[in-house]
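> One letter stands for each residue in the lines below.
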Amino acid sequence: MIRTLRAGTYAVRRAIGGMARRPLVLALSVSAIGVALLLGGVVFLGARAVANVSSSWGGGVHMVVYLGDDVNPERAQAIAGAIEELDAVEEVTYISPADAFARLEQSLGGRRELLEGVEHGALPSSLEVSFAGGVRDVAGVSPFVDRLRKTPGVEDVELVSDWVDRLVFLLRSLRAGAIGLALLVSLAAIYLVSVTVRLALHARRDEIAILRLVGATERYVKGHVLFDGLVQGALGAGLAAGALHLLHGWIGPDLSATMSGILGTGSFAFFVPREIVALVALGATLGVVGSWLAIEKHVDA
Amino acid sequence: MIALEHVSRRYGRAGEIVALDDVSLEIDEGEFVLLSGPSGAGKSTLLKLIFAAERPESGTIRVLGHDLARLRGSSVPFLRRNIGVVFQNFRLLPGLSALDNVAIALEVRGLPRRVIRERAASALGLVGLARRLEARAGWLSAGEQQRVAIARAIAGEPAILLADEPTGNLDPRLTLDLLQILFEVNRRGTTIIVATHDLQVMAAGARHGWRHLGLETGRIVAPTRHQWLDDAEMVAAAVAPHDLGSVPPIAHDPSHSADHAIFADQPSLHDLMPEQLALAPSGYDESAAEIVPLHVVRSANGRPS
Numbered sequence: 000m001i002r003t004l005r006a007g008t009y010a011v012r013r014a015i016g017g018m019a020r021r022p023l024v025l026a027l028s029v030s031a032i033g034v035a036l037l038l039g040g041v042v043f044l045g046a047r048a049v050a051n052v053s054s055s056w057g058g059g060v061h062m063v064v065y066l067g068d069d070v071n072p073e074r075a076q077a078i079a080g081a082i083e084e085l086d087a088v089e090e091v092t093y094i095s096p097a098d099a100f101a102r103l104e105q106s107l108g109g110r111r112e113l114l115e116g117v118e119h120g121a122l123p124s125s126l127e128v129s130f131a132g133g134v135r136d137v138a139g140v141s142p143f144v145d146r147l148r149k150t151p152g153v154e155d156v157e158l159v160s161d162w163v164d165r166l167v168f169l170l171r172s173l174r175a176g177a178i179g180l181a182l183l184v185s186l187a188a189i190y191l192v193s194v195t196v197r198l199a200l201h202a203r204r205d206e207i208a209i210l211r212l213v214g215a216t217e218r219y220v221k222g223h224v225l226f227d228g229l230v231q232g233a234l235g236a237g238l239a240a241g242a243l244h245l246l247h248g249w250i251g252p253d254l255s256a257t258m259s260g261i262l263g264t265g266s267f268a269f270f271v272p273r274e275i276v277a278l279v280a281l282g283a284t285l286g287v288v289g290s291w292l293a294i295e296k297h298v299d300a
Numbered sequence: 000m001i002a003l004e005h006v007s008r009r010y011g012r013a014g015e016i017v018a019l020d021d022v023s024l025e026i027d028e029g030e031f032v033l034l035s036g037p038s039g040a041g042k043s044t045l046l047k048l049i050f051a052a053e054r055p056e057s058g059t060i061r062v063l064g065h066d067l068a069r070l071r072g073s074s075v076p077f078l079r080r081n082i083g084v085v086f087q088n089f090r091l092l093p094g095l096s097a098l099d100n101v102a103i104a105l106e107v108r109g110l111p112r113r114v115i116r117e118r119a120a121s122a123l124g125l126v127g128l129a130r131r132l133e134a135r136a137g138w139l140s141a142g143e144q145q146r147v148a149i150a151r152a153i154a155g156e157p158a159i160l161l162a163d164e165p166t167g168n169l170d171p172r173l174t175l176d177l178l179q180i181l182f183e184v185n186r187r188g189t190t191i192i193v194a195t196h197d198l199q200v201m202a203a204g205a206r207h208g209w210r211h212l213g214l215e216t217g218r219i220v221a222p223t224r225h226q227w228l229d230d231a232e233m234v235a236a237a238v239a240p241h242d243l244g245s246v247p248p249i250a251h252d253p254s255h256s257a258d259h260a261i262f263a264d265q266p267s268l269h270d271l272m273p274e275q276l277a278l279a280p281s282g283y284d285e286s287a288a289e290i291v292p293l294h295v296v297r298s299a300n301g302r303p304s
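Order-wise, the sequence lines are chains A and B.
Numbering that gives the first Met the number 0 puts the first residue of the first sequence at 0, with every later residue one more than the last.
Numbering that gives the first Met the number 0 puts the first residue of the second sequence at 0, with every later residue one more than the last.
Hints were generated in silico from the structure; no laboratory data involved.
Because the structure is a prediction, the values reported are computed rather than measured.
The beta carbon of each residue, even a glycine, is placed where N, CA and C say it ideally should be.
Accuracy of the hints is not assured; some may be wrong.
Just some of the chain A residues that point at chain B, by a computed CB distance under 8 Å [unchecked claim]: (1) R20; (2) A202; (3) D205; (4) L210.
Residues from chain A that keep clear of chain B, each with C-beta distances beyond 10 Å, as calculated [said to hold, decoys possible]: (5) L4; (6) A46; (7) E89; (8) I209; (9) V288.
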């Protein structure tokens, strides 16, 4: 056990020394893993942003009841009370003209000047109705909606289920595509890492031959190579995390504003610390897997 | 210690290249054995088989009590830790120091770091490199690199040391130094097998009484076939470093102009194959000789032959 530990310690020391002696090979391997994880990270962050929007829309308002100009807040509350009596309704929120204007301002972000000259009370008041999950279709055919349209004070009823469903479907498709893309990127990353490690192994063939010559076991030789892969993978992941952080700082705010402007929700968030640790672990795993594949093909006794 | 029985090894798709053909031999503990023969005779193959780097098509090989045919792949590294190997091209890692190159052989055994450094330094001291421990191997001279390779081979105190053309890249003076080191290693109890076609090595072997095995086309042949060994002392004197460049002590038959050219262009006898050199005894009859491309008719010190 102690001998194994010592051998392991030497393997670690020699691996680090070996990498330092081959900076070009190290740079190549780390870059390969870094680029692969950078692509994967972009896909992941994009997919998560899409998933957030999808989730937000999927569980949000399903029906908007636009009220007439002559409807005062008390009348609006009465209509809201009638709607709330339905079992399928989860929540009814009154949006005053001022609230609607504020929302519009917020969604326009940096382009608020478009609203110059528009009166704050120009937008109609409305009731936003959220249904319980799975009842939007039912609501669409419900006689209640027809009756509501004929209710005095109600200008129009917009059942948003149709286009929300389409949007949600689109977003979910995008998410599925992103996951598929992430898988492809991962496979490409493993291949890329494997090829790079193979090159690195080629550069180390003399060292490996000498190790065998002096009586190194296969476990020792392979452990040597796998540890190199692990360190290179972790370094590559660190590189990718740094690049993603810079990228996020550069275009993240604009992307968030755009998403919010178009969809009314969503943000382009960066990794939390736990996810960065997972990214580094993923990089290390990629390095080990790539090394393993390369060993199996090219370092057999 | 080493026993081969009817060992054959062939190469090529149809086994058309015979490297070893029905070879049987025994080598005892502490022996110093020279394997000579022309290129392709099977010397390196024989060493690879003993080192378990290759397996024979037929026959059995026993090394240090192990039947190599029955030895599991996972056990081979442990066998190799008892067999040091030295090559003509040294096989060092040029970016590492001499000490680190030697330490590799000990690191794989999981020894404590202090012990590794002590043993590696001791092995380098034995080969005369005590003051070059931290020098990068790539910056050392050929002779020093070969000594590092020997130090790496003996650092683990192996029972057997195999050397494949160890003097191939060394000049005669360095060859003598290396032979002295090998002699010292052998004196400490290590069995040594040197594959060589270096005349100087064989002459030294004859002088020290080392066992000599000839190999030709994969078969063991009687070394006495090389007549020059009959007077090995004289050959050794002729090729000793102090005589290099002083061709005159060695006369040649003027009728062999081609041989004369070889001699004139190559003041280093070290580069000549044994087959290119033969001693001519008194009353020498050229037509009766087996291998007579060059005729040494008197020794370096002027003794008549």
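> Need the list of violated hint numbers for this structure, in ascending order.
Hints 2, 5, 8 are the ones this structure does not satisfy, whereas the remaining hints hold.
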